[in-house]
Amino acid sequence: METLDFRFDSKPVPRAADPALCGVVGSGNLEILVKPGIEPEACRVRIKTSARGFGDTWRAVLDSFATSHPAGGTVIAINDMGATPAVVTLRLAQALAEYQGGAL
Amino acid sequence: MNAPLPRDWDILRQSRGRRLERAASLGFGKEIPVDRIIDLLEAVIQPGDRVCLEGNNQKQADFLSESLADCSPERINHLSMVQSVLALPSHVDLFERGLANRLDFSFSGPQGARLAKLVQEQRIEIGAIHTYLELFGRYFMDLTPNVALIAAQAADAEGNLYLGPNTEDTPAIVEATAFKGGIVIAQVNERLDKLPRVDVPADWVDFTVLAPKPNYIEPLFTRDPAQITEVQVLMAMMAIKGIYAEYGVTRLNHGIGFDTAAIELLLPTYAADLGLKGKICTHWALNPHPTLIPAIESGFVESVHCFGSEVGMDAYISARSDIFFTGADGSMRSNRAFSQTAGLYACDMFIGSTLQMDMAGNSSTATLGRIAGFGGAPNMGSDPHGRRHASPAWLKAGREAYGANAIRGRKLVVQMVETFREHMAPVFVEELDAWKLQKSMGAELPPIMIYGDDVSHIVTEEGIANLLLCRSPEEREQAIRGVAGFTPVGMARDKAMVENLRDRGIIRRAEDLGIDPRTATRDLLAARSVKDLVRWSGGLYAPPSRFRNW
Numbered sequence: 001m002e003t004l005d006f007r008f009d010s011k012p013v014p015r016a017a018d019p020a021l022c023g024v025v026g027s028g029n030l031e032i033l034v035k036p037g038i039e040p041e042a043c044r045v046r047i048k049t050s051a052r053g054f055g056d057t058w059r060a061v062l063d064s065f066a067t068s069h070p071a072g073g074t075v076i077a078i079n080d081m082g083a084t085p086a087v088v089t090l091r092l093a094q095a096l097a098e099y100q101g102g103a104l
Numbered sequence: 001m002n003a004p005l006p007r008d009w010d011i012l013r014q015s016r017g018r019r020l021e022r023a024a025s026l027g028f029g030k031e032i033p034v035d036r037i038i039d040l041l042e043a044v045i046q047p048g049d050r051v052c053l054e055g056n057n058q059k060q061a062d063f064l065s066e067s068l069a070d071c072s073p074e075r076i077n078h079l080s081m082v083q084s085v086l087a088l089p090s091h092v093d094l095f096e097r098g099l100a101n102r103l104d105f106s107f108s109g110p111q112g113a114r115l116a117k118l119v120q121e122q123r124i125e126i127g128a129i130h131t132y133l134e135l136f137g138r139y140f141m142d143l144t145p146n147v148a149l150i151a152a153q154a155a156d157a158e159g160n161l162y163l164g165p166n167t168e169d170t171p172a173i174v175e176a177t178a179f180k181g182g183i184v185i186a187q188v189n190e191r192l193d194k195l196p197r198v199d200v201p202a203d204w205v206d207f208t209v210l211a212p213k214p215n216y217i218e219p220l221f222t223r224d225p226a227q228i229t230e231v232q233v234l235m236a237m238m239a240i241k242g243i244y245a246e247y248g249v250t251r252l253n254h255g256i257g258f259d260t261a262a263i264e265l266l267l268p269t270y271a272a273d274l275g276l277k278g279k280i281c282t283h284w285a286l287n288p289h290p291t292l293i294p295a296i297e298s299g300f301v302e303s304v305h306c307f308g309s310e311v312g313m314d315a316y317i318s319a320r321s322d323i324f325f326t327g328a329d330g331s332m333r334s335n336r337a338f339s340q341t342a343g344l345y346a347c348d349m350f351i352g353s354t355l356q357m358d359m360a361g362n363s364s365t366a367t368l369g370r371i372a373g374f375g376g377a378p379n380m381g382s383d384p385h386g387r388r389h390a391s392p393a394w395l396k397a398g399r400e401a402y403g404a405n406a407i408r409g410r411k412l413v414v415q416m417v418e419t420f421r422e423h424m425a426p427v428f429v430e431e432l433d434a435w436k437l438q439k440s441m442g443a444e445l446p447p448i449m450i451y452g453d454d455v456s457h458i459v460t461e462e463g464i465a466n467l468l469l470c471r472s473p474e475e476r477e478q479a480i481r482g483v484a485g486f487t488p489v490g491m492a493r494d495k496a497m498v499e500n501l502r503d504r505g506i507i508r509r510a511e512d513l514g515i516d517p518r519t520a521t522r523d524l525l526a527a528r529s530v531k532d533l534v535r536w537s538g539g540l541y542a543p544p545s546r547f548r549n550w
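The listed protein sequences derive, respectively, from chains A and B. Residue numbers 1 to 104, in our numbering, belong to the letters of the first sequence in order. Residue numbers 1 to 550, in our numbering, belong to the letters of the second sequence in order.
Worth flagging that the hints you see were computed from the coordinates, not collected in a lab. In this text, a Cβ means the ideal position worked out from N, Cα and C, and glycines have one as well. Where hints are given, some of them may not hold.
To spell it out: a stretch of chain A is covered by chain B in this simulated footprint if at least three of its residues, at any positions, have a beta carbon under 8 Å from a beta carbon of chain B; those stretches are [said to hold, decoys possible]:
(1) 43-49
(2) 56-67
(3) 74-88
Residues of chain B clear of chain A, computed beta-carbon distances all greater than 12 Å [what the hints assert, rightly or not]:
(4) Pro6
(5) Asp93
(6) Leu234
(7) Gly257
(8) Ser298
(9) Trp435
(10) Phe486
(11) Pro488
Across the chosen pairs, the derived CB separations fall in these ranges [claimed, not checked]:
(12) Leu445(B) - Asp9(A): 29 to 35 Å
(13) Gly539(B) - Phe6(A): 51 to 57 Å
(14) Gly127(B) - Thr67(A): 51 to 57 Å
(15) Val25(A) - Met141(B): 53 to 59 Å
(16) Leu21(A) - Gly369(B): 55 to 61 Å
(17) His389(B) - Gly101(A): 29 to 35 Å
Bound-form chain B, shown alone (with noise of 0.2 Å):
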């Protein structure tokens, strides 16, 4: 028999308290001063560490990371980065100033073009791009954060965290850190004497520190129904007539976009009229879009968990605690770990939009010289194979797909773009730019967002693809191409495979569908600016500055 290893079994609690000495013996409690800030990040990080710095697509921990880039890149460097989102300058910052070299993470949105530079310089290593959920796994896998800078609202003396509205990351990323020896820190916006709520306990938070300013937050899901388009009706017209009403779909996550705000308004006015409240849309899983207010007024939505919220919707959702998840307190919880898993598990349909597609519906955001990543939208717009629960709307599907005996469901997965977007871009192509991506960035796959065999159906201006129907591959390219409008791929179908397809109901026009599409007009939307949804919201959504042009 082998003796055992001679080894400590405690490594990570001895670099935890070496860590927490250094910060002691500076004479640092667990309130640290503002102008400070750096001395601590310098004390408690060290070179190599695996340091998740939060931030989504709304909250940021902005601060900490702004004062994380200041470092010394002499007393911290080579930084494994674990993250959700790349957004703020400083995030690229910690790589160009030679801090970090070496990134997880899921979206980077405004600075995919920095990042792709850095990439083909090699001074930043991309460990992998994932969906959010995937990230968060990963956590408490084989990506453990030694160290995590987070956002909260509001901290008490003994270090207890409000987290407001935007709960979002935070709970995944503190559970991770504070139970496998690392080390936490909280930017908070206020000091309180006594918390609306505890989010976070005390001891699992080791400082923190109250941030110069609030932290950033984006109103990323605010679309003014003033800018959606008549084409943009029409297609939610064929998507609600043909996909929400025919499969019955009450459980669903809509994607961010005009697309699918405009299929939110018509809500209480073109589905109302077709008989379909109480029937679809009733369970969600979304963030606090303003333009779902109509749909809740009217009592379509009995409930919407959120990943986050919304900037300006905190009173409103305050105000219809029945609808939304709310604490004791009044203010939401939202939380994207688990709204990605009722996005996964719980949703029958997911209906989002992409900027390409290609013949066999994978899709993609990547375009050459950015790295975009994919945040929600690969788990969301994924058949999860582990479901067991039936719903109609599933098991239509599955037998859509797999016969009268199927033996499992099927997710609805749909993607509603226009065939153009703006300045002519068709997006539908032979090839995604994903592949050339590949190649210019050395990666082992190409960034596809979501793959055409999740894919369940197109809409487009020119009618719906189905490609559950669909029984062989060649028939699955005529359908898309049967959809693709006058895009190239589009006029270079097999018309007689189309109308053949046509005729089989796996493609369907408006008019197939009994809709004259010159009834799509904007004046259908139950909303046409950001002052109607004020209007019916009675007052309490409060639009950023930015929306507000009356």
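Next up, chain A with everything else stripped away, as it sits in the complex (with noise of 0.2 Å):
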């Protein structure tokens, strides 16, 4: 196991909702818990992961999802086994709507 932390500037969600969960922990899959975080233009990963070595690759793929969706003043958990960058994508877009009140 591997456990990294990222900080990434966001612009400020505009609607949170309770706490949301998304996806499972299974292969190839990760499970996101998005929560309200206490710097409102700024988004707290804490990842743990089954993969090791890939620091950099979640850093671009975190920074990607944090400048192209506001998702400042949000502390996002993942538990990740081993899901690609394309799941990880899909996931967060999915649990940031969530977190939002579930609007598509």
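From these two lone chains plus the hints, build me the complex, please.
Structure below.
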């Protein structure tokens, strides 16, 4: 296992609902929990992953997410079982939408 | 004036006569007792012969292959094998046991690693790796078999053959062999007094043998919808909306895999909601994919011609004779040579997947230590310059590639891949493993499956790159990097140039196509399990036991 911590600048999330949980911890998949944070213009992420040595890829995927989505004011916890960046990107979008009240 | 050379003009016929005499002298008639097959093979096959062993990725002449491998290398050696697929352990045994030393083939699949080892040990000489139609073509030019060992469903007493739904390669092999002085030996699953239909007439067949068990057939084209991921659903949505709908693709071939299975399962749902029924995907060159059943049942599909059959689909096919090509007896007749011809000249689109793609768009399924071969992909995934008839999809693609005054159209050749495979292996790479493989194998060319200049579009989870609209090698490279996601080559993109390509519609993201990635859920699949497929088929589809989990 490897634990990774990141902080990204991001526009404030427009509407916060209850904490949102998305995905499952299964092979090639991941579980994402989005909770309110204390910095309105930053998104903090902690990842526990079974795949070691992909810190740079995680940083790139999350940076792209925080740039293209308003995710400021959140703390995101990820439990990963070797999900590809494609799955991570999709799950992040789903989890954030859920956090904003489930609106598509 | 030169005098004509004195020579015999019927050496092949004489040789054939001597082989048949040797068989007759051993007491063999047309029907060979199963326990004497090795005696027959040793009587009619000579050292140095070119032998065609029938077998594709579905039907296999497995009994004849095992029997040939059990022949004495003192009697039979230096064989030159020509065969579509090197798939069975006995295929490789021929070389390991010293019966054969040269191979011309198309696909090696599960034996790829053993084959690579034999090549490195110089115990096998590979003539060339072909696409199927190319290999069949050479059967009629410079690789005509002396002996063909084939598989049929049934024979009658005269030696007429019924091939059943898995006709596949048999007609091409038999035609080349029987009409050029060769010997045709068929293993059959059963002997019948009267055949359902005659697929090969008796006078093209020299010997038949009742195999101890039915010939092996691999359910190669069955994909369990339960394993289709949301990312594959997203890519399928982008492909349908961004390519199928835009070009109005009606005639096509799908490669094997979950990416294209997802498209098949979105036709009755997502594509129907977009109003595309009757406008796309009406005519197919395709194996009978079980995942196409919902689209057929929904009225999307008008016609399907098949390379081979698929385990469990026979009853369904028989009951849908308006869709599939079937004989008067009711069962399907497939034909790989004709279906590959349809895939080359009569399809407007090929869409498939690959293991690696470089920055010129060349793709390869070769990986180090394995010689995998190509199958039909290089044929169907190529733009045929001999095509002359027009269609809306072909014309639109041609005008995108060559400008408004184009004098030819263009086939759509689409590669659909997730940017990473399992274990985070990047699909997009600076250099294909094929180049290293070429060096280690001493081959004249790297084993590239589809050439980059034939590829028109690349679909990944990050979007669609339209290579037809690129006007320079630099633009092509950035268009590929621009959909290569978070792979190292994707992250090395020129961001400004990629944004420029996006502004020009050369790269399109899901949002540019009006697709919200969060709507890409498995709920969109018309069937979410093999059991759903059985239900769609009205109980006619009988999946093999390994796909029955209920």
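Hints, verified against the model:
Counting residues of the region 43-49 of chain A whose CB falls under 8 Å from any CB of chain B gives 0; the rule of at least 3 is not met. For the region 56-67 of chain A, the stated coverage by chain B is satisfied: 4 residues place a CB nearer than 8 Å to a CB of that chain, which reaches the threshold of 3. Interface restraint, the region 74-88 of chain A with chain B: holds (5 residues with C-beta to C-beta distance below 8 Å; minimum three). No beta-carbon of chain A comes within 12 Å of the beta-carbon of Pro6(B); the shortest separation is about 71 Å.
Every CB of chain A lies more than 12 Å from the CB of Asp93(B), the least distance being 36 Å, so the non-interface label holds. Residue placement check: Leu234(B) does not keep its beta carbon more than 12 Å from all beta carbons of chain A (closest about 7 Å). The Cβ of Gly257(B) lies farther than 12 Å from every Cβ of chain A, with a closest approach of about 16 Å, so its non-interface assignment holds. At roughly 26 Å, the least C-beta separation between Ser298(B) and chain A is larger than 12 Å, which holds for a residue marked as non-interface.
With a closest Cβ-Cβ approach of about 25 Å to chain A, Trp435(B) is found to remain outside the 12 Å limit, as its non-interface label requires. The claim that Phe486(B) lies off the interface is violated: its Cβ sits roughly 4 Å from the closest Cβ of chain A, which falls inside the 12 Å cut-off. Once the 12 Å rule is applied to beta carbons, Pro488(B) is inconsistent with being away from chain A; the minimum gap is 9 Å. In this structure, Leu445(B) and Asp9(A) break the distance hint of 29 to 35 Å, their C-beta atoms being roughly 50 Å apart.
Distance hint check for Gly539(B) and Phe6(A): the Cβ-Cβ separation is about 53 Å, which falls inside the suggested range of 51 to 57 Å. Between Gly127(B) and Thr67(A) the beta carbons are some 54 Å apart, a value that agrees with the proposed interval 51 to 57 Å. Roughly 57 Å separates the CB atoms of Val25(A) and Met141(B), a value that falls within the hinted 53 to 59 Å. A C-beta distance of roughly 43 Å is found between Leu21(A) and Gly369(B), which places it outside the suggested range of 55 to 61 Å.
Between His389(B) and Gly101(A) the beta carbon distance is about 54 Å. The supplied range of 29 to 35 Å is therefore violated.
Hints 1, 6, 10, 11, 12, 16 and 17 from the list above are not met by this structure, while the remaining hints are.
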